[in-house]
Amino acid sequence: MKILAIDTSCDETAAAVTEGTKVLSNIIWSQAAAHAKFGGVMPSLAQRMHEERIDWVIERAIKSSKRATGSAIKMQSLDAIAVTIGPGLSIALGVGIDRAKRLAKKYNKPLIPINHVEAHILSPLANSNDEMQFPAYGLCVSGGNTIFVLIEKEGYKILAETQDDALGEALDKGARMLGLGYPGGAVLEKMAKLGNPKRFTLPIPLVGQEKRQIFSYSGLKTSFYRLIQSSPPKTKQDTYDLAAAYQDIAFKHIERVLEYSMTNNKLKIDSKADYVNLLVGGGVAANIELRKRLRKLSKKHGVRVSVPYSEKLYGDNAAMIGVCAGFKIIAGEVKPSDLFDYDKIDRNPRLKINQ
Amino acid sequence: MELAEVEAVVVERVEFPLQPDLGKCYSRAYLNGIICKLNKLLTKTSISIAKNRFGLCQNFAMKRVEVKKINLREVVKILGNGGLIIYPTETLYGIGADATNEMAIQKLTEYKNRPFGKPYSIAVADQKMAEGYVYLNEAAKNLYKKFLPGPLTVISKGKQKTAKGIESEDGTLGVRIPDYKLVIDIVKEFGKPITATSANASYKKRPYKVSDILENISDKQKNLIDLIIDAGELPPNDPSTVVDTTMDDPVTLRQGQIKFNEKNEILSKSEEATQNLAKELWQKYEIHKGKRAIVFALQGEMGSGKTIFTKGLGRAMEITELVTSPTFAIENEYLIPNTKHFLYHFDAWRIENSNELRSLGFDNLIKNKSIVSIEWAERVAEIIREFDDEAIIIWVNLKYGKNENERLISWGVEQ
Chain A
27 MKILAIDTSC
37 DETAAAVTEG
47 TKVLSNIIWS
57 QAAAHAKFGG
67 VMPSLAQRMH
77 EERIDWVIER
87 AIKSSKRATG
97 SAIKMQSLDA
107 IAVTIGPGLS
117 IALGVGIDRA
127 KRLAKKYNKP
137 LIPINHVEAH
147 ILSPLANSND
157 EMQFPAYGLC
167 VSGGNTIFVL
177 IEKEGYKILA
187 ETQDDALGEA
197 LDKGARMLGL
207 GYPGGAVLEK
217 MAKLGNPKRF
227 TLPIPLVGQE
237 KRQIFSYSGL
247 KTSFYRLIQS
257 SPPKTKQDTY
267 DLAAAYQDIA
277 FKHIERVLEY
287 SMTNNKLKID
297 SKADYVNLLV
307 GGGVAANIEL
317 RKRLRKLSKK
327 HGVRVSVPYS
337 EKLYGDNAAM
347 IGVCAGFKII
357 AGEVKPSDLF
367 DYDKIDRNPR
377 LKINQ
Chain B
20 MELAEVEAVV
30 VERVEFPLQP
40 DLGKCYSRAY
50 LNGIICKLNK
60 LLTKTSISIA
70 KNRFGLCQNF
80 AMKRVEVKKI
90 NLREVVKILG
100 NGGLIIYPTE
110 TLYGIGADAT
120 NEMAIQKLTE
130 YKNRPFGKPY
140 SIAVADQKMA
150 EGYVYLNEAA
160 KNLYKKFLPG
170 PLTVISKGKQ
180 KTAKGIESED
190 GTLGVRIPDY
200 KLVIDIVKEF
210 GKPITATSAN
220 ASYKKRPYKV
230 SDILENISDK
240 QKNLIDLIID
250 AGELPPNDPS
260 TVVDTTMDDP
270 VTLRQGQIKF
280 NEKNEILSKS
290 EEATQNLAKE
300 LWQKYEIHKG
310 KRAIVFALQG
320 EMGSGKTIFT
330 KGLGRAMEIT
340 ELVTSPTFAI
350 ENEYLIPNTK
360 HFLYHFDAWR
370 IENSNELRSL
380 GFDNLIKNKS
390 IVSIEWAERV
400 AEIIREFDDE
410 AIIIWVNLKY
420 GKNENERLIS
430 WGVEQ
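If you read the protein sequences in the order shown, they are chains A and B. Mapping of the first sequence onto this note's numbering: position 336 corresponds to residue 362, and the numbering continues sequentially without gaps. Mapping of the second sequence onto this note's numbering: position 277 corresponds to residue 296, and the numbering continues sequentially without gaps.
Derived by calculation from the structure, the hints in this document are not laboratory data. Hints are not guaranteed to be accurate.
Think about it this way: if two alpha-carbon atoms lie no more than 27 Å apart in a straight line, the pair counts; the simulated BS3-like pairs of lysine-lysine are [claimed, not checked]:
#1 B:Lys288 <-> A:Lys260
#2 B:Lys421 <-> A:Lys224
#3 A:Lys322 <-> A:Lys278
#4 A:Lys378 <-> B:Lys359
#5 B:Lys359 <-> A:Lys370
#6 A:Lys260 <-> B:Lys418
#7 A:Lys237 <-> B:Lys421
#8 A:Lys237 <-> B:Lys418
Just chain A, with the same shape it has in the complex:
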């Protein structure tokens, strides 16, 4: 079953062709450079740019998928269209949904609405030969979302979610405070690598309160602001050390919340596999230090970490949307034949994973 997937949830215009959980093409056109001079995504600019680029991106996705399959793929030969309906930037989401609806109508294809966060969590399934084992843990760490869930056959149970900033957002804001531009999470990671995380001390958010199972970065931002005020970076090394300290504590918070959950919810899997999976997706999952720590923590609890096979599946992309749709079809969660009522499908900027 071949699916054309579209995602315009923020500043990446993305389209992909997938088959089951196999990725045939994955085209991402990033607006980051255009937005960089404004220090972030500008909503109306994002909308205009999505509109300008989406047809081109879809065309490219279809063309590239030919190369993967060796045979010609046309719109007519696709089986369904999948599109992100949320969460995301409202006016950006609208562009992808409109285009998906138009194509679905024109070619009489079922239209599958997909939750962007769910797709991030399931992104490690792309091109993977492993069968999904229930229950599993899922973690989405991105610029807009930070959520830790239990994936059960019946659906998702939220174990912990952020009360204020997403992890990626917190890292971006830390970078902003260090004057590294915005979004600067990736720059912060590079600098942190060169720094000594022990030179400065910052408090771990909600330490001792892991039982509450929440993520929060408001306190860390405050402490970091105070730290920069009291020891303003004078040399490059100072900046590296501050970046390292901030990233270290931001990650420790995630580790501690997960650790509590893994210690207290001993998951029992009902099959031959002798491990529980932790599926990790989202832009911050590309951070090598975070992955290293998640692996170390998980190992202690007999949990195996799965991450996407390609860098192109960490940040926003449409391949994960197609994979998520494919997974839902295989699992029998959605029946494409039921999905011709296009008017029912609408954007939901604050869509919840268990909704």
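Add chain B to chain A, keeping to what the hints say.
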């Protein structure tokens, strides 16, 4: 089973059959609460106190009395039995309990629906009485002389003469001398301070009339009230200003009628206090809801508490959905329960010009008399100001204070 535990069970058996006869006095829930607490305390004394209380409270039912028909002796009797009274003041309706009776304070905390450990202010008759409960320094004495009786709560170091739960964790205590003869008379007759907290439950509407209170609380809460002294509708005055005199310089913790600066400014020492200020500002401007757009224009550096402030707004509007940072999505919307109104929460960090804000439908929000909170408002100040005529715009500035969790927060309808 220990002896005390057995007795607790006995209390339960003996007291429950009495329950129907208690009338409106104490709800079953309150009885249950006491029994639960008893089971935890497991001391003979507290059981006998409880027995005493149950015995005595049968004499009373929740009564509503007009202010001119009030019998001081009856009021004092209720207070003495650990009862709760609602009384008018020069600011809002307050709720009074014997500030030296721990059971009464527990009952009050249950009524207010707030976690135990958040301090209460007390009302006293005069400075002499105040000095029995707090140490007054020079700064405090000056404030007493200049402003009391009046709408000012002065926080001083407590003498630990009040019940547990009245003083703050740091041992400070807020004292008020209301400029309202009836309250002074009650306190004088009682000979002990009573609590001076507003009669609404936490994060509920400011009470200017009795119906403001009764319409916003549960039956369970209503059953905790022993007496309401009804003085009709009070003038819409702000709550009392709260000043902390325990630091080097007196600091305003809540800005009410009395102002010490040109501007409205408070020192928030916790996220909770920042949320509380948001609540108070919402309660102040809520009357414009549906008539004009209400815009909270928040200005302040990273981590200064803009999202925390908006959480407080949400809480005051009874939004139960989690209010999170709008940075990524730029705009989040939250439905205000039981209304058709939404709270629109913006992050203007990425918004560069008026067209940007317009493309997000800001004009329509103003036209539709919406409620809006905008973080990084300084970036779009000019556009916001264009709507000065159509909207109530409250500019809120959040600045880092001297210590870790301190924030200096000022506000006004002019930037």
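A quick look at each hint next to the structure:
Restraint check for lysine 288 (chain B) and lysine 260 (chain A): not satisfied, since their Cα atoms lie roughly 31 Å apart, outside the 27 Å limit. Distance restraint check for lysine 421 (chain B) and lysine 224 (chain A): the Cα-Cα separation of roughly 25 Å lies within the 27 Å cut-off, and the hinted pair is therefore satisfied. About 12 Å separates the Cα atoms of lysine 322 (chain A) and lysine 278 (chain A), which keeps this hinted pair within 27 Å; it holds. With a C-alpha separation of about 21 Å, the suggested pair lysine 378 (chain A) and lysine 359 (chain B) falls inside the 27 Å cut-off, and the hint holds.
Note on lysine 359 (chain B) and lysine 370 (chain A): the hinted pairing holds, with a Cα-Cα distance of about 22 Å set against a maximum of 27 Å. Between lysine 260 (chain A) and lysine 418 (chain B), the direct Cα distance comes to roughly 24 Å. Compliance with the 27 Å bound is thereby established for this hinted pair. Only pairs whose Cα atoms come within 27 Å are accepted, and lysine 237 (chain A) paired with lysine 421 (chain B) is rejected, the gap being roughly 31 Å. Proposed proximity of lysine 237 (chain A) and lysine 418 (chain B) is contradicted: the alpha carbons are some 32 Å apart, above 27 Å.
Hints 1, 7, 8 from the list above are not met by this structure, while the remaining hints are.
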